[in-house]
Amino acid sequence: MTRQQIWSRNVKRILITVIVLLIYIWAFSGIPVIQIQETTGQVFSSIMAGIFNPDWGYVYDPAGEDLLRTLLETLAIALLGTFISALLSIPFSFMAARNIAKTKLMVGSSKSILSFIRVFPDIVLALLFIKAVGPGPFAGVLALGIGAVGMLGKLIAESVEGIDLSAREALIATGGNPVKTFMFAVVPQVLPNFFSFVLYRFEVNLRAATILGVIGAGGIGAPLIFALSVRDWERVGIILLGIIVMVTILDAISSRIRSHLV
1 MTRQQIWSRN
11 VKRILITVIV
21 LLIYIWAFSG
31 IPVIQIQETT
41 GQVFSSIMAG
51 IFNPDWGYVY
61 DPAGEDLLRT
71 LLETLAIALL
81 GTFISALLSI
91 PFSFMAARNI
101 AKTKLMVGSS
111 KSILSFIRVF
121 PDIVLALLFI
131 KAVGPGPFAG
141 VLALGIGAVG
151 MLGKLIAESV
161 EGIDLSAREA
171 LIATGGNPVK
181 TFMFAVVPQV
191 LPNFFSFVLY
201 RFEVNLRAAT
211 ILGVIGAGGI
221 GAPLIFALSV
231 RDWERVGIIL
241 LGIIVMVTIL
251 DAISSRIRSH
261 LV
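For the sequence shown, the residue numbers in the numbering used here are 1 to 262.
Keep in mind that the hints were calculated from the coordinates and are not lab data. There may be inaccurate statements among the hints.
Label pairs and their computed distance ranges (CB to CB) [claimed, not checked]:
#1 Lys-180 x Leu-261: 22 to 28 Å
#2 Asn-99 x Pro-62: 52 to 58 Å
#3 Ile-6 x Asn-99: 44 to 50 Å
#4 Gln-4 x Ala-27: 30 to 36 Å
Under the rule of at most 30 Å between Cα atoms (straight-line distance), these lysine-lysine pairs were calculated in the DSSO-like manner [to be verified]:
#5 Lys-104 x Lys-154
#6 Lys-111 x Lys-154
#7 Lys-131 x Lys-154
#8 Lys-180 x Lys-104
#9 Lys-154 x Lys-180
#10 Lys-102 x Lys-180
#11 Lys-111 x Lys-180
#12 Lys-111 x Lys-131
#13 Lys-154 x Lys-102
None of the values given here were measured: they were computed from a predicted structure. We put the beta carbon where it would ideally sit given N, CA and C, even for glycine.
Let the sequences and hints guide you as you build the complete structure.
Shown next as structure tokens:
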């Protein structure tokens, strides 16, 4: 490499570094730092005080809304949403796999649909479904169920494209029909990754379900935002503790299962 090439490469690196720094400076210049300094410490200390002095009476209340009911509702939203997305992603994933789909048109159109679905964040889909079916857990289930199809379909399609087709070709050579060759040569190779991806998506959906309640899609988010709005820090503390415990336990269980699948 000549001296001129080295100098040109160094200049490019310096220019890229300067441009990135300017972008960061421009982005942070719009943040009201003084306002953050005045309020952040107070709010954070109040939340921490609420966590260490939680409203234990909210954990279970037979007469009305309580923490256990809202956590179970959040879990149900995540489970149903994951189940729906897993079912819907199966046909799209095989139609998007180049080694399974029969035509390039099928592959291209399926991948385009999956990419289109991935464009929309869960909150945007939840807002759309709230307008369509009304506020409540059903809107959250639909948002997570439809929104996860794009990611699951893409991951499963890539897994299908990586399978060994020699077993399928051997069954076809011995006179096996397409359905049997698919069920006995393709599906067993895909199932471990399929369940692993579904469990991972359940972890993502569980976190998303805790947020969707903020906009009226059911779950623990609704009582959390209400407690924050009225500055009931003890209620905020017990809700955050409940979310932390639920997510931590279910993440550990899901990770343990996935480690045995793959």
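**Message:** Taking the Cβ atom of Lys-180 and the Cβ atom of Leu-261, is their distance within the range 22 to 28 Å?
**Reply:** holds, 25 Å
**Asked** Given the hinted pair Lys-111 and Lys-131, is their alpha-carbon gap at most 30 Å?
**Response** holds, 28 Å
**Prompt:** Taking only the CA atoms, is the gap from Lys-111 to Lys-180 under or equal to 30 Å?
**Reply:** Roughly 26 Å separates the two Cα atoms, so the pair holds.
**Message:** For the hint 30 to 36 Å, verify it against the beta carbon of Gln-4 and that of Ala-27.
**Reply:** holds, 35 Å
**Straight-line alpha-carbon gap Lys-131 to Lys-154, limit 30 Å** = holds, 28 Å
**Message:** Between the beta carbons of Asn-99 and Pro-62, is the distance compatible with 52 to 58 Å?
**Reply:** 56 Å Cβ-Cβ, so the 52 to 58 Å window holds.
**Asked** Does Lys-180 lie within 30 Å of Lys-102 when you go C-alpha to C-alpha?
**Response** With a Cα-Cα distance of about 17 Å, the restraint between Lys-102 and Lys-180 holds, given a limit of 30 Å.
**Message:** Run the distance test for Lys-111 versus Lys-154: straight-line Cα separation, threshold 30 Å.
**Reply:** holds, 8 Å
**Item:** Satisfaction of hint between Lys-154 and Lys-104, Cα-Cα up to 30 Å
**Value:** With a Cα-Cα distance of about 16 Å, the restraint between Lys-104 and Lys-154 holds, given a limit of 30 Å.
**Request:** Measure nothing beyond the straight line between the CA atoms of Lys-154 and Lys-180; if it is 30 Å or shorter, mark the hint as holding.
**Result:** Holds: Lys-154 and Lys-180 sit about 25 Å apart, inside 30 Å.
**Item:** Agreement of Lys-154 and Lys-102 with the hint, judged by alpha carbon distance not exceeding 30 Å
**Value:** holds, 18 Å
**Message:** Taking 44 to 50 Å as the stated bounds, is the beta-carbon spacing between Ile-6 and Asn-99 within them?
**Reply:** holds, 45 Å
Comparing the model with each numbered hint stated earlier shows that all of them hold.
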